[in-house]
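Use the sequences and the hints to build the structure in full.
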Amino acid sequence: MTARRRQRLVLTGSITGVVIVALDGTVLTVAQPALQRDLHASFGQVQWTSTGYLIAVASLLVFAGRLGDRYGHQQIFALGILGFGAASAGIGLAPGVGWVIGLRVAQGVFGALLQPATLGMLRATYPSDRLGMPLALRTSAIGLAAAAGPVLGGALVAHWGWRAVFFLNVVPAGLIGLLALAVRVPTPADRETAGATTTAGGTRAPAPRLDLPGACLLALALVCLVHTLVTLPETGWTTATTLGGAAAALACGAFIRHERRTASPLVPLSVLRSTTVASALAVLLSASAALFGALFVSTYFLQDVLAMDPLQCGLRVLPLAVMMVLSAPASAVLQRRYGPRRTTVAAMTLLTLGILALSQLDRTSTAPAISGGFLLLGAGFGTVMVTATAVIVRQVSADHAGVAGGLQQTAMNIGPALGVATATMLVTLTAPTAAGNRPTGGPHWTGEAFLSAMGPTLLTLAVVAATGALAAAKLPRRTAGGDSPQSPAITGRDRDPAAATKAVTSGD
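Our numbering puts the first residue of the sequence shown at 289, with every later residue one more than the last.
Quick list of the computed label-pair ranges, beta carbon to beta carbon:
hint : residue 1 : residue 2 : range
1    : A657      : L381      : 45 to 51 Å
2    : A761      : P415      : 25 to 31 Å
3    : G743      : L538      : 33 to 39 Å
Note that these hints are calculated values from the structure, not bench results. Quick caveat, the model's predicted, so the values are computed rather than measured. C-beta atoms are modelled at their ideal positions from N, C-alpha and C, and glycine is treated no differently.
Structure (structure tokens):
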């Protein structure tokens with residue numbers, strides 16, 4: 289198999305994997321009301337079909353990436369996508385909502401295996417200085433799936449019921465998974481024996497052990513954090529949510545302390561201490577939080593204030609998905625020409641301006657004004673996803689590409705939950721009622737009360753996006769390959785992690 293054909297095969301698998309996951313999330317939102325009616329489920333049970341999946345996937349992404357680094361991204365990818373398809377088929381046949389929730393958690397586990405592997409395979413197959421366009425095509429595919437998901441899901445539910453949306457990805461998942469198992473795609477990691485690494489002296493040394501205690505501590509921290517963020521909009525600050533936040537902070541502190549002391553850390557210290565990687569993760573976290581918080585607020589505005597139906601609302605938001613599809617390939621070119629720093633700062637500025645434009649909407653706003661705000665959001669976010677992800681993946685060697693992918697996906701899963709929780713709390717605190725009291729019991733407001741709170745909430749989210757622009761200022765000025773003397777990749781064989789980090793950041 290030629291190198292070009294190998295690259296195309298890996299790119300096809302990577303894109304198919306992320307499209308299946310993206311479609312699954314968007315079509316589920318459309319299918320949930322029908323699922324609730326058909327299975328006679330409560331609102332809380334239906335919410336857990338999303339919450340259970342999110343907790344499972346977010347808590348395991350980094351560990352799944354580490355498994356790919358050790359045992360091969362292609363094998364982990366095949367296991368993840370086949371398991372994801374099998375769980376989807378099981379949900380489509382589920383006799384009750386309990387089965388649906390349990391299988392959605394299993395789907396989250398397989399999704400965690402799948403997602404970092406899509407980045408790890410690209411990093412291992414493409415030269416470091418040619419990753420921009422594959423990552424851009426991957427991002428465009430996610431935007432296209434986000435745009436098509438609600439329409440496709442609505443059509444499937446209307447004609448064949450909610451079970452059809454889960455059968456949607458079974459066939460493509462099975463085909464891509466079997467292809468990944470049948471076709472051997474060599475990667476740079478194959479130059480070393482499985483389960484061993486080569487030292488500087490040319491001798492074989494055992495591969496580092498899997499850091500199971502570190503994986504458990506990180507999973508505990510993320511489970512507590514995600515559960516708190518998801519339940520906070522409905523319950524507010526209760527004893528349970530406060531304890532959940534405190535437990536997340538304590539587990540995170542214990543994880544960092546453990547990683548610094550263990551001989552085989554889950555996240556290599558050279559990655560953990562890298563200012564460049566931390567800045568790129570901060571950009572992704574703030575961008576996704578600001579975007580999804582703004583989307584949450586804007587959807588309420590369109591449906592509850594302007595009284596649009598879901599289809600009309602979707603058409604107003606469509607420019608966001610269209611610009612994500614178009615801006616991703618353009619961002620790869622811009623990044624190569626102007627460098628990650630200037631490209632990402634400009635993209636975060638567009639995202640901030642889009643949120644500011646939405647904050648000025650009222651009952652008299654026209655369709656061009658509404659769509660213009662979403663257009664800016666899509667252009668900014670699509671570019672940020674490509675540039676920040678490319679920085680993270682390029683800053684590590686192929687040996688740690690899975691961990692890098694896991695960290696990137698973790699930021700992209702926590703950010704939306706953080707953004708929605710922040711937006712809900714801000715609206716709840718600032719939206720008055722007729723009696724001057726604060727509305728309670730979750731996200732339920734009158735049109736006028738919501739409109740009065742929308743502006744301050746979106747302004748705060750714009751500040752969150754602007755904070756991401758400040759973090760983007762710490763990214764490298766120029767795009768460099770992994771062998772560039774100005775920006776060497778962080779490898780697992782660095783004798784001095786601090787020196788490796790200094791070498792990376794000195795090219796900024």
